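Protein chains in written order, with the numbering used here: chain B, 48 to 146; chain P, 48 to 146; chain U, 48 to 146; chain A, 48 to 146.
Among the hints, a few may not be true.
The list treats identical chains as one, so a pair stands whether inside a single copy or across any two.
With a straight-line cut-off of 20 Å between C-alpha atoms, the simulated DMTMM-like cross-links for lysine to aspartate or glutamate are [to be verified]: (1) Lys63 <-> Glu130; (2) Lys106 <-> Glu74; (3) Lys68 <-> Glu130; (4) Lys125 <-> Asp114; (5) Lys68 <-> Glu85; (6) Lys63 <-> Asp127; (7) Lys125 <-> Asp113; (8) Lys106 <-> Glu134; (9) Lys68 <-> Asp114.
If you're looking for bench data, these hints aren't it; they were derived computationally from the structure. Note that the structure is a prediction, hence the values are computed from the model and not measured.
Number of protein chains: 4
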Amino acid sequence: MTPSRTSEARGYSATKDDLLKRLRRIEGQVRGIEGMVEEERYCIDVLTQISAVQAALDKVALGLLDDHAQHCVIGAAKDDQVEKTQELMAAVGRLMRRG
Amino acid sequence: MTPSRTSEARGYSATKDDLLKRLRRIEGQVRGIEGMVEEERYCIDVLTQISAVQAALDKVALGLLDDHAQHCVIGAAKDDQVEKTQELMAAVGRLMRRG
Amino acid sequence: MTPSRTSEARGYSATKDDLLKRLRRIEGQVRGIEGMVEEERYCIDVLTQISAVQAALDKVALGLLDDHAQHCVIGAAKDDQVEKTQELMAAVGRLMRRG
Amino acid sequence: MTPSRTSEARGYSATKDDLLKRLRRIEGQVRGIEGMVEEERYCIDVLTQISAVQAALDKVALGLLDDHAQHCVIGAAKDDQVEKTQELMAAVGRLMRRG
């Protein structure tokens, strides 16, 4: 959205619209799953939808990790890079262990 | 074990309210994440919320897998058990590979 | 390997050789990763190998889950099915949370 | 932060012994799983061991990701940082999807 990516304090504005669009789609998918449970749809079909939401959330998470790396790590002062990288690794650890 | 269990067409009715409550909470969490992205909150905090949603979805998925096993596998005719178990395993595989 | 699968007490004998072959390949892959670390190979290449081992272990785990379902759940007395299914679900939960 | 850190070509030498020790333990665990399969031990117990190996591999992977970030991203020239960060993200993606 803005021409100079690294000059931004926080980041992800370049892909903010894209992230929001994907999150709204995920919200809709979760609502769809609620509807399936309401109608007592076959568990396996519900599970397939849950897998799809998990995959979509993984993509959003990877996008955010990448934004963090692009905006908060690259081009920062070295001490900040150390700290931001530690935060990044902790976040990756939580994602791999899932919460 | 109870006579009514296997006579139910689909299952998970016992925990349907619980599942719906958890899914609505997940939907609210996803909406919360959208708000965080709107406000350009710190990526790492957004990622922590995504991990929490993933963990909550994993719990819902395990609940559904268990319902499937309880209602569709246990007490079914043997041929049905074979088929339902194959479906169960395929669903576990999708959940492990995440979609 | 044996004609009557469900009469076996424990199971997975039909695919035992296959499981062992896959586990020995995984053992070799882990040894290969040790060699890469010894030689200080590029981290990203080591990580790619770790992902491959994880995927191979997931496949072994799915095979074992399926054996458990085939041998210990299907065709068992109903009370046993309930217990074996609970064990199965607990194992799936551990695999999804990774340990 | 230490002067020697960024001057190293590849990295992870500081924790190389630790990584190797952990990988050898994982190799031993995989061999232990082979023994369990040989003896036709109960599938669920084998699965518990597989989950333990997966968790141990996740820790090694996180250690390597962190080394990559510390040695190849932090302190590097900006263009290199961009490239190294992209590699890092691709590796995280593979780990999350497991191979």
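Status of each hint after checking the structure:
Proximity of lysine 63 to glutamate 130 under the C-alpha cut-off of 20 Å is found in neither arrangement, the shortest distances being 24 Å within a copy and 22 Å between copies. In this assembly of identical chains, lysine 106 and glutamate 74 lie within 20 Å of each other by CA distance both inside one copy and across copies; the values are 14 Å within and 18 Å between. In the homo-oligomer, the alpha carbons of lysine 68 and glutamate 130 never lie at most 20 Å apart, since the shortest distance is 30 Å inside one protomer and 27 Å across protomers. For the homomeric pair lysine 125 and aspartate 114, the shortest alpha-carbon distances inside one copy (18 Å) and between copies (15 Å) are both at most 20 Å.
With identical chains, the CA atoms of lysine 68 and glutamate 85 are at most 20 Å apart between copies only, with a shortest distance of 11 Å across copies and 26 Å within one. In this assembly of identical chains, lysine 63 and aspartate 127 lie within 20 Å of each other by CA distance neither inside one copy nor across copies; the values are 23 Å within and 25 Å between. Proximity of lysine 125 to aspartate 113 under the C-alpha cut-off of 20 Å is found in both arrangements, the shortest distances being 18 Å within a copy and 15 Å between copies. In the homo-oligomer, the alpha carbons of lysine 106 and glutamate 134 lie at most 20 Å apart both inside one protomer (19 Å) and across protomers (16 Å), since each shortest distance falls under that limit.
Proximity of lysine 68 to aspartate 114 under the C-alpha cut-off of 20 Å is restricted to the intra-copy arrangement: shortest distance 16 Å within a copy versus 33 Å between copies.
Of the hints listed earlier, those the structure fails to meet are numbers 1, 3, 6, in rising order.
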